[in-house]
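Taking the UniProt record's numbering, the leading residue of the sequence shown gets 1, the next gets one more, and so forth.
Note that these hints are calculated values from the structure, not bench results.
Each hint should be verified, as a subset may be incorrect.
[Stated by the list, open to error] Label pairs and their computed distance ranges (CB to CB):
(1) Gly259 x Glu285: 45 to 53 Å
(2) Lys281 x Glu96: 36 to 44 Å
(3) Ser95 x Gln229: 33 to 41 Å
(4) Arg88 x Glu285: 23 to 31 Å
(5) Ile94 x Leu232: 46 to 54 Å
(6) Lys171 x Ala251: 47 to 55 Å
(7) Asp268 x Lys102: 35 to 43 Å
(8) Glu96 x Lys171: 18 to 26 Å
(9) Glu140 x Lys171: 17 to 25 Å
(10) Asp108 x Tyr5: 36 to 44 Å
(11) Cys40 x Thr20: 44 to 52 Å
(12) Ser95 x Lys171: 24 to 32 Å
(13) Tyr97 x Lys281: 52 to 60 Å
For glycine and all other residues, C-beta sits at the position ideal for the given N, C-alpha and C.
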Amino acid sequence: MVRIYTKRGDLGETSLYDGTKVRKDDPRIILNGTLDEVTCALGIARSKAPSKVSNWIAELQAELIEVMAYIARGKADKGKVSSTELERRIDHLISEYPFYNKFVLPGDDETSAALHLARAFARRAERVGLKSLESNLIGEETYRYLNRLSDYIYALAVSAYWESAIRKITKLVVTKMNKGISGLDAQRARELINEGRRKAQEIGVPMAMAVCDSYGFLIAFERMEGVLQVSLGLAPKKASTAIKLKMSTEALSRLVQPGKDLYGLQNDPELVVFGGGLLLKDGAEIVGAVGVSGGSVEQDVSVAEAMVRAWER
């Protein structure tokens with residue numbers, strides 16, 4: 001059976017790698033204990049981190065195990081770690097992610113918060129490691145490495161924050177897009193077009209009808225025989241205008257009059273500022289819009305309203 005406890009340290013002593021007995025408050029033991037705290041905090045961060053950052057953290061943890069093994073030898077010979085390598089990694093992260101010259105308040109996400117905890121432990125390792133350096137128990141390059149360690153972990157924390165932010169935004173966008181696709185797909189849009197055609201036939205006016213998604217991209221379009229050519233461009237533009245302004249084009253027409261809040265928008269060639277463009281909603285959420293053109297404004301609106309009613313059924 002594996003024994004976890006040995007009882008050899010019950011009187012306040014422990015052993016270095018070569019078997020030399022030292023007190024538990026020996027500078028090397030204190031330094032290694034602090035670096036152990038660093039690796040544990042890094043482990044918490046790695047368990048939550050995006051894959052790219054997780055790999056960087058794992059690499060650092062493995063490196064710190066080598067550092068602790070070197071410190072436990074109790075000799076100030078040359079270690080394997082390089083402060084210039086940490087500087088290279090820091091410079092790489094600074095070139096890849098936005099860094100701001102201001103104090104960071106940890107806690108925006110779990111990974112970066114755990115990394116800031118590791119950074120604080122690394123700062124303590126710098127302080128307690130000084131005694132080992134002055135006592136010639138570790139080499140100068142190892143201490144330089146310790147002095148860069150907190151800087152590198154800080155850079156990792158900032159990088160983790162941005163990677164987590166990117167992951168959250170990507171997930172949100174995908175969720176939004178999937179929701180839009182499932183609620184207003186090509187088949188559903190075609191059903192709205194069919195309803196619009198029935199209404200246009202009822203009033204005896206050929207129409208161009210368009211349905212777009214919540215980003216203003218066209219999902220479905222139909223032109224009836226005999227529709228005015230100008231209406232072919234107006235129908236999709238009415239739908240996209242409703243999306244861009246988050247209102248019906250009929251409501252917009254009232255706001256672009258002289259003296260009104262949106263006066264001047266009527267000169268934008270990408271917008272249509274008269275009736276025929278209506279929003280499609282799922283509760284309070286805008287999921288798309290319809291645009292109709294071919295008759296009078298009142299006729300266009302009546303066909304668009306028929307399409308919206310079909311959506312709401």
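Each hint, compared with the structure:
Checked against the hint of 45 to 53 Å, the pair glycine 259 and glutamate 285 fails, with Cβ atoms roughly 33 Å apart. Remark: the range hint 36 to 44 Å for lysine 281 to glutamate 96 is upheld by a beta-carbon distance near 40 Å. One distance hint, 33 to 41 Å for the beta-carbon pair serine 95 and glutamine 229, is violated here, with the actual separation near 53 Å. A hinted range of 23 to 31 Å for the beta carbons of arginine 88 and glutamate 285 is inconsistent with their spacing of about 47 Å.
For the pair isoleucine 94 and leucine 232, the beta carbons lie near 52 Å from each other, so the given range of 46 to 54 Å is met. Range check, lysine 171 to alanine 251: Cβ separation about 33 Å, and the 47 to 55 Å hint is violated. Range check, aspartate 268 to lysine 102: about 39 Å between beta-carbon atoms, so the 35 to 43 Å window is met. Here the CB-CB span from glutamate 96 to lysine 171 is close to 21 Å, well matched to the stated 18 to 26 Å.
For the hinted restraint 17 to 25 Å between glutamate 140 and lysine 171, the CB-CB distance of approximately 46 Å leaves it violated. Taking 36 to 44 Å as the suggested C-beta distance range, the pair aspartate 108 and tyrosine 5 conforms, at roughly 40 Å. At roughly 26 Å, the beta-carbon separation of cysteine 40 and threonine 20 lies outside the given 44 to 52 Å, and the hint is violated. A C-beta distance of roughly 26 Å is found between serine 95 and lysine 171, which places it inside the suggested range of 24 to 32 Å.
Between tyrosine 97 and lysine 281 the beta carbon distance is about 38 Å. The supplied range of 52 to 60 Å is therefore violated.
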